[in-house]
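Participant: One-letter residues, chain by chain:
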Amino acid sequence: MRLPPHIGEGITQTLIMRTKRLLPALALALMPANVIAAPAAPPPPPGVAACTGCHPKSGGDAAIPQLAGHSADDIIAAMKAFRSGTRPATVMDRIAKGFSDDEIRVIAAWYAAQK
Amino acid sequence: MIPPMIEAQKNRREILGGAAGAAAATLWPRAIRAQAAPRIVIVGGGFAGASCARALREADARLAITLVEAQHTYTAPPLSNGVLGGTRTLAQQQFGYDKIAAAGITVAIATATTVDAQAHSVTLSTGDKLRYDRLVVAPGIALRFDAIPGYSAAAAAQLPHAWTSDGTQIDLLRRQLEAMDDGGLVAIVAPVNPSRCPPGPYERASMIAHYLKTKKPRSKVVILDSKDTFTMQELFLKAWKELYPGLLEWKSLSSGGNVASIDIAKKTIETDFDNYTFAVANVIPPQIAGPIAKLAGVADRTGWCPIDPVTFESLQQKNIHVIGDAALAGAMPKSAFAGSVEGKLCAAAIAALLVDKKPAVPKLVSNCYSVVAPDYAISIAGVYHPVNGEYVDVEGSGGVSPLDAPAALRAQEAKFADAWFRTNTAEIFG
Chain Z
1 MRLPPHIGEG ITQTLIMRTK RLLPALALAL MPANVIAAPA APPPPPGVAA CTGCHPKSGG
61 DAAIPQLAGH SADDIIAAMK AFRSGTRPAT VMDRIAKGFS DDEIRVIAAW YAAQK
Chain Y
1001 MIPPMIEAQK NRREILGGAA GAAAATLWPR AIRAQAAPRI VIVGGGFAGA SCARALREAD
1061 ARLAITLVEA QHTYTAPPLS NGVLGGTRTL AQQQFGYDKI AAAGITVAIA TATTVDAQAH
1121 SVTLSTGDKL RYDRLVVAPG IALRFDAIPG YSAAAAAQLP HAWTSDGTQI DLLRRQLEAM
1181 DDGGLVAIVA PVNPSRCPPG PYERASMIAH YLKTKKPRSK VVILDSKDTF TMQELFLKAW
1241 KELYPGLLEW KSLSSGGNVA SIDIAKKTIE TDFDNYTFAV ANVIPPQIAG PIAKLAGVAD
1301 RTGWCPIDPV TFESLQQKNI HVIGDAALAG AMPKSAFAGS VEGKLCAAAI AALLVDKKPA
1361 VPKLVSNCYS VVAPDYAISI AGVYHPVNGE YVDVEGSGGV SPLDAPAALR AQEAKFADAW
1421 FRTNTAEIFG
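Line order of the protein sequences matches chains Z and Y.
Those letters in the first sequence? Residues 1 to 115, per my numbering, in order.
Those letters in the second sequence? Residues 1001 to 1430, per my numbering, in order.
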């Protein structure tokens, strides 16, 4: 039995697991490695990291909607309207002004591809 | 087969193993481990560090990620002034690390005591030593208890700072406000820049004023400031005039707000011009990066950490990244919002670097709400990008809430503040 590779020397006698936590962990551990080490999804483009703090992955409401699943055209149109001030906003007007057409397009395409 | 961790169950040192983390990696064939498990250690489980851990987990399932955090329970500072105003409970601010562990991140409840940047290792207060390929330092701030004569770490048990993720401090301040007689003075000592959450002391003054207005209307709040200007100043001053006339006073540096000394026994604060006798005092001292930053050799003479803005890698130590309040991030404020975004972008940069890809040039947003009364919030937003090695505002973007706005807009911003908190904390701790 070997320790996880990221746990360094000197830790052997000090590792703790809560037993109830260990059982599901072991069950998962015994699955084929490729189940756990699934290939990573394409990383979100720069800018998306700023959206996800407020716009939830799922759910949301009219004021702060979920973005995933909206068409790219809808997202682009909304961002441009916020940027130009034609769509009233509390904060998105100030944020949208920091993004170029190209950046908006890439972010919108990424969100449109999410389920 | 019984893994070695079972042997040590009685030991009080804790490492909560995530499913795809410790236990899984233990049982992987050696060949898979050898080719495919870069080790990432993250020190600090706040908005920045915990966001980084979650984003790394999503970015690359091979990574062995360990999050080192001193406390079992994280008390989130954003919106915590609502606990003082009576609009939020302490429980609403508190989060544990179970879901993070369950997501496949090894959580070590311990303090990092030394970093050996040459050997790529971190030693914990438990004596354990963690090896890393990349280290992320996200310790937040350390309070400079030596900065104000009469104030100290021990004094915080009587005059709370309530400025860290230690929930007992905000709870103590709340209880002191509840215990004080009507007619008393609440003094808030505001720090110099740079500091965590620049609008925080002024939001706090507002929420305390809200509590006093409701429960103890003969009382007063005074902010004793070492500065002559502060963020969203016009918006705060306007709101105070409307909501808390005669109840809340701001003493700037040039009007004698700078604190010279504090006498805890006499309950007095001496400033450059005056002497204040307080019933409750909230002392927010000046700040530097958390202690591990210095130990790791990533803090400079200012006490903060210079970084490459694209990768968040320290300019002083290779393979060590610094995110959140500890980092010198140019125009970006030290906010939880920014810290969380930095965590995600640092994760993306590390994931790219590990496969020899060039990290994308990041674009960051920070958007900070200050709740000055129930249904009344204001905000400051900024969009930032690196120019010549430093984060600067994207020209024409960002700014503060309009000075003249209908009540509905202030109420909408208060709703947004809540919504951001819910979404961001669910993303990190949920």
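Note that these hints are calculated values from the structure, not bench results.
It is possible that part of the hints are untrue.
[What the hints assert, rightly or not] Straight-line C-alpha distance at most 25 Å; calculated DMTMM-like pairs for lysine to aspartate or glutamate:
hint : chain 1 : residue 1 : chain 2 : residue 2
1    : Y       : 1357      : Z       : 102
2    : Z       : 115       : Y       : 1427
3    : Y       : 1358      : Z       : 103
4    : Z       : 57        : Z       : 73
5    : Y       : 1216      : Y       : 1375
Participant: Determine for every hint whether it applies to the structure shown.
Facilitator: Status of each hint after checking the structure:
1. Between residue 1357/Y and residue 102/Z the CA atoms are separated by roughly 22 Å; this keeps the pair inside 25 Å, and the hint holds.
2. Under the criterion of a C-alpha separation no larger than 25 Å, the hint pairing residue 115/Z with residue 1427/Y is consistent with the structure, at around 17 Å.
3. With a C-alpha separation of about 18 Å, the suggested pairing of residue 1358/Y with residue 103/Z holds against the 25 Å cut-off.
4. The straight-line distance between the Cα atoms of residue 57/Z and residue 73/Z is roughly 19 Å, inside the 25 Å bound, and the hint therefore holds.
5. A distance of roughly 21 Å separates the Cα atoms of residue 1216/Y and residue 1375/Y; the hinted pair therefore holds under the 25 Å criterion.
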